[in-house]
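With this note's numbering, the residue at position 181 of the sequence shown is 260, and numbering never jumps.
Derived by calculation from the structure, the hints in this document are not laboratory data.
Hints may contain errors.
[Stated by the list, open to error] Result set (DSBU-like, lysine-lysine): computed pairs, CA atoms no more than 35 angstroms apart in a straight line: (1) K288 with K229; (2) K291 with K229; (3) K405 with K444; (4) K131 with K202; (5) K211 with K227; (6) K229 with K211; (7) K533 with K561; (8) K131 with K288; (9) K239 with K305.
[Claimed, not checked] Using C-beta positions, here's what the derived DEER-type ranges look like: (10) T378 with L540: 51 to 59 angstroms; (11) D555 with P380: 45 to 53 angstroms; (12) I329 with N359: 32 to 40 angstroms; (13) L540 with D338: 53 to 61 angstroms; (14) F438 with T378: 37 to 45 angstroms; (15) K561 with G363: 40 to 48 angstroms; (16) C170 with K320: 43 to 51 angstroms; (17) N437 with G403: 25 to 33 angstroms.
We put the beta carbon where it would ideally sit given N, CA and C, even for glycine.
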Amino acid sequence: MFVNSNCNSMMSDSYTIPRKRKALEYIQSDHSYSSNSSNNSFFADGPTNVFKHVLTSINMINLPTKWFIDIDHEYKDLNKPFVGFHQLGPCRDDFSRVVKKQIILTEDCSLIIHVYGMVINIKEIGLLSNFKLENVEDLKNIIILFDKLKICNGSALIKKYAGIKSKFGPQFVESYGQWRHRNCTIILNNSINECDECIWCKRLRYCIKNKKNKSNSRVYFSPNKKKYILKIQKAKDAIKKNYTRATIRINKLYDRLNDIRVQMKKVSDANLSQILENNNIPKGQTDVINEIFKASKLTNPKNRKYSDNWILLCLLFQIRSPSGYKFLREQNILPLPCISTIRKYLLVLKIGCGFDPNFFKLLKKYMLNKNKFQRNGIILLDEISLRESISVNSRTLTYTGLEDCGEEIETKQKSNLKANNALIFMWQSFGENVAQPIAVFTSHGPIKGVDLAKLVVKAILLIEDSGGKVIGLTSDGASTNKIMWSSKN
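Produce the entire structure from the sequences given, and follow the hints as far as they go.
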């Protein structure tokens, strides 16, 4: 360590430093001096003798790295000497250093401890409040103990973030060109703090950086450009307000939704059925409401069980609008089954052309709940063109895309021709808005007029047998349809 070269002129006549004997000295690294003299174990009779002994052994005290001795100062008012030991702080961006730690020993052996110019109580470094220095060895131990303590270096340099203080209030405290928090702990806990910064100064550093990043550099614009900038700023502010309002509204809706879910879990099935019955809710809507309440009581959405009526409604909905079905399921608006589940149910159905007897059984059951006027209707028939294609059905190991008229037309059975034409029969009720296809026939070319007449007669008989009453028949003016009408006459 370095010793001030003017230290001898500082001493009074009563305090003389003996000349150094080179035989007893050896120089260690960092210019620190050490001695094997037995003076370190000397116990003084009083504070003055201890102070004298420190002065006489000043060059033999082995100081830690970056520690220095200073005996070039006196009290401002009292002409009494003292000894100072100080450590330099880390090098800054401008290559400057400040005194980080300082221990001052007065003539009456009182210890004054400074950290970055702030006085620290000796209890904060681990000493007792009534501690008295008795020898040089105690002074060495105090210096070593103080050197091992971790000290908060503050938040940021004042020069680096100039102009931020006026925006931030009284949380700043200036210390040796450094900003630190007013609640700075100064001494850090070695087991908790890994960096040279307390939690308060760390928060202050983040705040200073945020203020610096948010501070807009002033840019001058022409009057024309300034108008556009003002418009953009107004639009930006309007978007922020809309976003804030939307966020608040969404949070309120989420809270309301959670409250409704809690209330739905408390409703029993018997109470729900009674409420729906008292309000005359239709059967289809009743099924939807029951499924919604069942889903609200489940914690795991997987392996959910559905009623038969709900599965049928979901099948029809998926067939009619796949995109709408997907949207309602992804947004959790309705407790709809997965699309793969719907496809499994569809694969179970036997799909083919011709008149399906199971369909007419269901139609007969449907007609039982209708009045006489609602049972009246007409049959519509029309032919459409198809694109020829053929594929293999892996479930039945058969070809699809060939002619298929069921068992209605004998000449079309076991045909190997590709179908490019389809004949469709549809039932339209007069009493309600219901249009239901009842049969489909695929053929290679249009179906002959005679065969078409037979199919129309059978369709009328099946509708009449199911409870409906066919009032009329509607078709276009195709040549095959003309032959059908002439054959009927």
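Verification of the supplied hints:
With a CA separation close to 24 angstroms, the supplied pair K288 and K229 stays within the 35 angstroms bound. Note on K291 and K229: the hinted pairing holds, with a Cα-Cα distance of about 28 angstroms set against a maximum of 35 angstroms. For the hint linking K405 to K444, the alpha-carbon distance of about 31 angstroms falls within 35 angstroms, and the restraint holds. This hinted pair checks out: K131 and K202 have alpha carbons roughly 26 angstroms apart, not beyond 35 angstroms.
For the proposed pair K211 and K227, the alpha carbon gap of about 21 angstroms is at most 35 angstroms, so the pair holds. About 24 angstroms separates the Cα atoms of K229 and K211, which keeps this hinted pair within 35 angstroms; it holds. Between the alpha carbons of K533 and K561 the distance comes to roughly 14 angstroms, so the proposed pair stays at or under 35 angstroms and holds. Pair hint K131 plus K288 does not hold up; C-alpha atoms about 51 angstroms apart against a cutoff of 35 angstroms.
Note on K239 and K305: the hinted pairing holds, with a Cα-Cα distance of about 31 angstroms set against a maximum of 35 angstroms. Separation of T378 from L540 is about 54 angstroms and conforms to the stated range, judged on CB atoms against 51 to 59 angstroms. Here the CB-CB span from D555 to P380 is close to 49 angstroms, well matched to the stated 45 to 53 angstroms. Take I329 and N359: their Cβ atoms lie about 35 angstroms apart, and the range 32 to 40 angstroms holds.
As the Cβ distance of L540 to D338 is approximately 58 angstroms, the hint placing it in 53 to 61 angstroms holds. Against the hinted window of 37 to 45 angstroms, the Cβ-Cβ separation of F438 and T378 comes to about 40 angstroms, which satisfies the hint. For K561 and G363, the Cβ-Cβ distance of about 42 angstroms falls inside the hinted range of 40 to 48 angstroms, so the restraint holds. Take C170 and K320: their Cβ atoms lie about 49 angstroms apart, and the range 43 to 51 angstroms holds.
The supplied range of 25 to 33 angstroms is met by N437 and G403, whose beta-carbon atoms lie about 27 angstroms from each other.
Of the numbered hints given earlier, the model fails hint 8 alone.
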